[in-house]
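Protein sequence lines correspond, in order, to chains H and Y.
Here the first sequence is numbered in this note's numbering, starting from 3 and rising by one per residue.
Here the second sequence is numbered in this note's numbering, starting from 9 and rising by one per residue.
Note that these hints are calculated values from the structure, not bench results.
This one's a predicted model, so the numbers in the text were calculated from it and none came from an experiment.
Just the calculated beta-carbon pair ranges, DEER-fashion:
(1) LEU60(H) x GLN86(Y): 34 to 40 angstroms
(2) ALA67(H) x PHE97(Y): 35 to 41 angstroms
(3) GLY71(Y) x PHE145(H): 27 to 33 angstroms
(4) ASN95(Y) x GLY141(H): 44 to 50 angstroms
(5) PRO78(H) x GLY71(Y): 22 to 28 angstroms
(6) THR36(Y) x LEU137(H): 21 to 27 angstroms
(7) ARG98(Y) x VAL101(H): 32 to 38 angstroms
Glycine included, C-beta positions come from ideal geometry on N, C-alpha and C.
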Amino acid sequence: MPPTKQELSLLINPLVPESVQHNNRTLSTLHSLTSFLLGLTAGILALQSATGFIFYLLGTVFVSACFHFILVSGSPAGAGGFFPGPNGGEIEGLDERGVIRGGKGKAGVVSRKGAWRDVWLGGGVLGEALSGFVLGWAGVGGF
Amino acid sequence: MGFISRVATLFGLVLLAHAAYSAHEHTTLYSNARLPTSTALPHDIVIEALVSIVFVSVGLVLGAEKLKPVSWSEWAGQIEREGGARNPFRRLEERYSFWDVRAKRKEFAEWMKGGVPMEK
Numbered sequence: 003m004p005p006t007k008q009e010l011s012l013l014i015n016p017l018v019p020e021s022v023q024h025n026n027r028t029l030s031t032l033h034s035l036t037s038f039l040l041g042l043t044a045g046i047l048a049l050q051s052a053t054g055f056i057f058y059l060l061g062t063v064f065v066s067a068c069f070h071f072i073l074v075s076g077s078p079a080g081a082g083g084f085f086p087g088p089n090g091g092e093i094e095g096l097d098e099r100g101v102i103r104g105g106k107g108k109a110g111v112v113s114r115k116g117a118w119r120d121v122w123l124g125g126g127v128l129g130e131a132l133s134g135f136v137l138g139w140a141g142v143g144g145f
Numbered sequence: 009m010g011f012i013s014r015v016a017t018l019f020g021l022v023l024l025a026h027a028a029y030s031a032h033e034h035t036t037l038y039s040n041a042r043l044p045t046s047t048a049l050p051h052d053i054v055i056e057a058l059v060s061i062v063f064v065s066v067g068l069v070l071g072a073e074k075l076k077p078v079s080w081s082e083w084a085g086q087i088e089r090e091g092g093a094r095n096p097f098r099r100l101e102e103r104y105s106f107w108d109v110r111a112k113r114k115e116f117a118e119w120m121k122g123g124v125p126m127e128k
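Working from the sequences, and respecting the hints, build out all of it.
Structural data, given as structure tokens:
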């Protein structure tokens, strides 16, 4: 059985687990902090039910956008240079024979496929960060 | 964390605290009012809260730790360029080369012949 694209990607251009961990931790720290503050704001504004969650969604999108434009998009590989993506590190534009063609940016820039998802949906946005949001929201809303 | 990010975060937090206090005061004031007035928050508090959250988010993002490249090649290149103790392969890269035992022995013998300073 020929190796899958993901296996090929990891053979050609391995990932550094430390860096992956570090980046994920940075992202989730950021999201936990900001979502708690978003919760406080939602409480101050006395938002209720669906409005509050829409506020959370917009706020998170804003934070992710800041993260993307300030920290990520400056590098040539974009998000693919900092996050492995949902396919376990598959390189964008890799064909069955292990040749990288196409892909975005200049030649020689290795970008992981679908890594934007890690930036926009990762970092515990629907998990721990959401619970932080609800905590802040309910805490301030109680007053 | 850079200076700008700290200032932005701090400013945002102060604004947020002020908005919270204002909202709290507004609620206590208007819940005691006999006249049937609207209890909705005034626009300035809403705007203050929203602006504060923007400031805090931008400040926190600016102050976040720098991301590290995940591809081994880039990461190794970066470490190589920076040098220093972060390089896990430094132990392998900086080794003693072959040691000329004869020369060292000769040197030692000469030093012995020359006499130890303590004995003189």
